[in-house]
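Going down the list, the sequences are from chains A and B. Quick note, the first sequence lines up with residues 10 to 435 if you use the numbering used here. Quick note, the second sequence lines up with residues 10 to 435 if you use the numbering used here.
If you are wondering where the hints come from, they were derived from the structure by calculation, not from laboratory data. Heads up, the beta-carbon is just placed ideally off N, CA and C, and yes, glycines get one too. Accuracy of the hints is not assured; some may be wrong.
In silico lysine-lysine, DSSO-like type, Cα no more than 30 Å apart, as pairs [to be verified]: (1) Lys-395(A) x Lys-424(B); (2) Lys-422(A) x Lys-398(A); (3) Lys-27(A) x Lys-234(B); (4) Lys-422(A) x Lys-48(B); (5) Lys-49(A) x Lys-48(B); (6) Lys-392(A) x Lys-402(A); (7) Lys-422(B) x Lys-169(A); (8) Lys-424(B) x Lys-395(B); (9) Lys-169(B) x Lys-49(B).
Stretch-level coverage of chain A by chain B, calculated; a stretch enters the list once three of its residues show a Cβ under 8 Å from a Cβ in chain B [to be verified]: (10) 23 to 30; (11) 50 to 64; (12) 140 to 153; (13) 246 to 258; (14) 270 to 276; (15) 383 to 395.
2 protein chains.
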Amino acid sequence: MKNDTITPMTTLSPQPYKGTRDWYPEDKAVQNYIFATWKKTVEQFGFKEYGAPLLEPLEVYAAKSGDELAGEQTYAFTDRGDRTVAIRPEMTPTVSRMVAARRQELPYPARLYSIANFMRYERPQRGREREFWQLNVDTFGADDVAAEAETLLLADEIMKAFGASTNMYEIRVNSRELIEEMTRQYLGLDEVQAGQLVRLIDRKNKLPAEVFVASVREILETDEKVARLEAVFSAESIETLPEGLAGGAAAGRVRELFVMLSSLGVSSVRFDVTLMRGLDYYTGTVFEVFDVDPENNRSLFGGGRYDGLVGMFGVEPVSAVGFAPGLTTTELFLRSHNLLPDLRATVDMYVASVGDTVLQTLQLAATLRSRGISVETDTTGRKFDKLIKMAEKKGATEIVFVGANEIESGEYKAKNLTTGEERQVA
Amino acid sequence: MKNDTITPMTTLSPQPYKGTRDWYPEDKAVQNYIFATWKKTVEQFGFKEYGAPLLEPLEVYAAKSGDELAGEQTYAFTDRGDRTVAIRPEMTPTVSRMVAARRQELPYPARLYSIANFMRYERPQRGREREFWQLNVDTFGADDVAAEAETLLLADEIMKAFGASTNMYEIRVNSRELIEEMTRQYLGLDEVQAGQLVRLIDRKNKLPAEVFVASVREILETDEKVARLEAVFSAESIETLPEGLAGGAAAGRVRELFVMLSSLGVSSVRFDVTLMRGLDYYTGTVFEVFDVDPENNRSLFGGGRYDGLVGMFGVEPVSAVGFAPGLTTTELFLRSHNLLPDLRATVDMYVASVGDTVLQTLQLAATLRSRGISVETDTTGRKFDKLIKMAEKKGATEIVFVGANEIESGEYKAKNLTTGEERQVA
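One chain only, chain A, in its complex shape (with noise of 0.2 Å):
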C-alpha cells in the first residue's frame, strides 16, 4: 500500500522503447507548431477532422498496401480474442474503411483529415522512426482532375504556411494510368514484365547505375524496347514524351493538371515520368514533394489518387485523392532550412510565496487565472535568487513575491523578467 520505499527487483531503463521518442515540452512545442499550421491550412479548404482506431484486422493491409508493409513491416499479434490485428502503419485503409462504413450518408466530395500516429518495425534513422506522426488528408467521391489540382495547391500551401519559399522544395508528379500506356501500349509489355518494371524504376535511385540498366535490359528483352524506354525518360515533360504517348489520354489528363496547376500559381511542380510512389493502390496521378537543398535531399512527402479501397469493403467503389506529409520530415526540413520559429513554452505570471504565506499565493493565484491570466505558483520557499532563476527557466513574463509585507498592504507587484519593470496587480 505505502510502498514508496520498496525497490523493484530490477532497475528499469528510463529510455523509451527503441525507435520511438520522448516529447518533452521543448519537443512537443515543435511538434504542436507542425500540426497547428497543418491543421489550419487545411481547414482553410474546407477539409474536416476524423479520427480513427489504432489497431484494424491485418488483412486491412495484406489486400492492397504491397507486400513489404502488410508482412514486415507491420507491429501486428494476435489479440486475447484470436484477431489478428496490427497497430496501423498508414492511414489510408482505415479512411477508406471509414468511408466505406457511411457511403450513403457522406456529404461528396467529402473532404477529411487526421492527423495521428503510426507504427512501422523499421530500421531507425535520421527522420524515420518507428512510431511516427502523419497529417493524412483525402478527398472522396471526386474524379475530376479539378479535386487532384486542389489536392496539390493544398500540399503547396502547406509548404509556404510554414514559409518555405518555391525554390526550396519541387512537387513531382506522374499518371499511373500513363505509366500503365508504358508499359502496356508503347512497350507492349505483359502484365508480370509492367509490374516487374514499376517496382525496378520505383528503385532506381537506390540501385547502381548498371545494375538498373542490366535489370531493365533483361526485363524489357529487347533493345527497340530499351530504346523506346530511354526516349520516355528523356521527356521532361508531358509535352516531350514519344508521340505514341504524349497524344493518349492519362497524357491529356496531366496536362490538364499542369495547366490548372499553373492557372492556380502553383510554380513548384515539374512531371517526372520515374515517379512510381510505393504503395500498390494508387489508380491515377501521383505526386511526391521533394526537398531540393543538396545536403537534405529528399521525399518530404508525397500522394496520389487511389479509386479502389473504398470498394474493398463490401461498397461501390468512391473515388479517393490524397497525401501524408509526416511530422518527423517536416521538423527536418524546417530545421535545415532554418524555417522554425521561436516555440519556448511561456506563462504569464509566476506568482511565488516569500515566508508563510502558501495560501495567499494560491489565492492571489486563483485570482489572477480568473481574469484569465495564465499562473504557475511556487510555494518551495526557495531563495529570492532561485525564484527569479526559476520563473526565467519556466519562461514566466512576470513574477509577483507574496510576502508578509504584500499580505498587510494588500499591493502585489509584478515584475517583468526581460525589462525590470513593475506594475501593480490585484
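Start from chain A and add chain B according to the hints.
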C-alpha cells in the same frame, strides 16, 4: 498496378475493431472541444504539454500498476526483436520514466500534461472502450500540501470550464497514509491483512452488503476491531474520525488540505474514508470526482499522490501528484447534463462552378483563401438546388456561384445561407 477493378478474395468488414471507435467529423468535433477545454484550463495553471511513446516494455506496468492492469488488461505482445511490449494502458508509469530520464535538468516543481490514447483489453460497455483518451496532469517534485490543493483546484476548474455547476459533481478525498495508520496502528492489522482490507473496501460498492460485512469480519477477526472500523466508516469529516486517527499526522495533512480548498473556493469536496483508488502506486492523498446525478452516478476521474514511481527507474525518488480525466466519461457527463455546446463543423464559403467554369472556381477560391477565408469548392457540375443543399450540409455560411455571367462581369455574389442576404465579393 492499375488495380481498381480487382475484387479482393474476401470482403473486408467496414466496422472498426472491437472496442474502438471511428471518429467522424461530428464526433471528432466533440473530442476536440473536450481536448481544447482541458488544454486551456491546465495551461492557465502553467502546465506544459509533453508527448510519449505508444509502446512501453511490459515490465513497466508489471511493477506497480496492479496485477489486473499489467496481467489481463494490457495489449501486450512480443516484437520482432523479442522484446515484450505493451500498448500503454495508462500514462503514469511513462511520465514517471520520462522524469527519471531527465531528473537533473527538469525545472521543479515540473508541471506536465498530455492528452493521449490508451488501450486496455476490457469488456466494452457504456462509458468504457478498449481504446480510450485521457488527459494526464502531474506535478513532480512538490511534497507540500499546496501541490495537492492546486491539483484539486485544477480538477474543480476543469469541471467548471465545461459549465458544470457545483451541484452536479462531488470530489471525494481520502489519504493512503491515513488508511495505513488506520489498518496498522488503529486496527493493529499485519501487512497482509491490511492489504486485504484495502482491496475489499475498494470493491465495497460492487459487493452485496452481507458479503462485504462477512469478509470484513473474516479479515478483522474480532468484534472489537469491526466496531472500530464501523466508527471510522461513520466519520463524514476528518473531525468526526475516532480520536486515535483524528489526531495523527495523516489526518493533520488532510485537514490542512481542506482548509486550503475552502479558502480557494472549492466547495464540492468532501472527505470519504472508504475511497481507496485501485492502483497500487498511490502513497498519499487520493481523490475521485463523481457525477452525483442519480441516473449517471459514476466516478468521472481520479488521481492522487504517488511518490514512488520515478524511483523505479534507477534514480532518487521524485514526489508526484496528478490525475487523469477520460474523454468518454467526460462526454457522457456533458451529454447527461446538457452541457455540450453546438459543435457543427463550418466553412466560411462554398464556391460552386455552374457550367464549364472549373478553373475560375478554383482561382476564385484561392483568392478568397488568401484573404483568410476558409473555402470549399464544388466542381461537380450539380444543379443549383443540389449545390445549395450540399453547402448547407457542409456547414457553409455563404455560397458563391461561378457561372459564365459572373466571369464576364467579374462580379461574384456571396449569398448567406441562413439569412438569404447577398454581398459582393472579389
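So, going through the hints one by one against the coordinates:
At roughly 60 Å between alpha-carbon atoms, Lys-395(A) and Lys-424(B) are farther apart than 30 Å, so this suggested pair is violated. At most 30 Å may separate the alpha-carbon atoms for a hinted pair to count; Lys-422(A) and Lys-398(A) meet this at roughly 18 Å. Between Lys-27(A) and Lys-234(B), the direct Cα distance comes to roughly 52 Å. Violation of the 30 Å bound is thereby established for this hinted pair. Of the supplied pair hints, the one linking Lys-422(A) and Lys-48(B) holds, its CA atoms being roughly 28 Å apart against a limit of 30 Å.
Taken as a hint, the Lys-49(A) and Lys-48(B) pair is honoured in the structure, with Cα atoms around 18 Å apart against an allowance of 30 Å. The hinted pair formed by Lys-392(A) and Lys-402(A) meets the criterion: a straight-line CA distance of about 15 Å does not exceed 30 Å. For the proposed pair Lys-422(B) and Lys-169(A), the alpha carbon gap of about 29 Å is at most 30 Å, so the pair holds. Proximity of Lys-424(B) to Lys-395(B) is assessed by CA-CA distance (about 15 Å); at most 30 Å being required, the pair is judged to hold.
Distance hint between Lys-169(B) and Lys-49(B) is fulfilled; the C-alpha atoms sit about 12 Å from each other, no more than 30 Å. Given a C-beta distance limit of less than 8 Å, the hint that chain B covers the stretch 23 to 30 of chain A holds, as 7 residues qualify and 3 suffice. For the stretch 50 to 64 of chain A, the stated coverage by chain B is satisfied: 12 residues place a CB nearer than 8 Å to a CB of that chain, which reaches the threshold of 3. Chain B is given as covering the stretch 140 to 153 of chain A, and this holds because 3 residues of the stretch bring a CB closer than 8 Å to a CB of that chain, at least three being needed.
Remark: the stretch 246 to 258 of chain A is not confirmed as covered by chain B, as 0 of its residues place a Cβ nearer than 8 Å to a Cβ of that chain, below the required three. Residue count for the stretch 270 to 276 of chain A with a Cβ under 8 Å from a Cβ of chain B: 3. That meets the three needed, and the coverage hint holds. Requiring three or more residues with a Cβ within less than 8 Å of a Cβ of chain B, the coverage given for the stretch 383 to 395 of chain A holds, as 7 such residues are present.
Taken one by one, the earlier hints fail for this structure at numbers 1, 3, 13, listed in ascending order.
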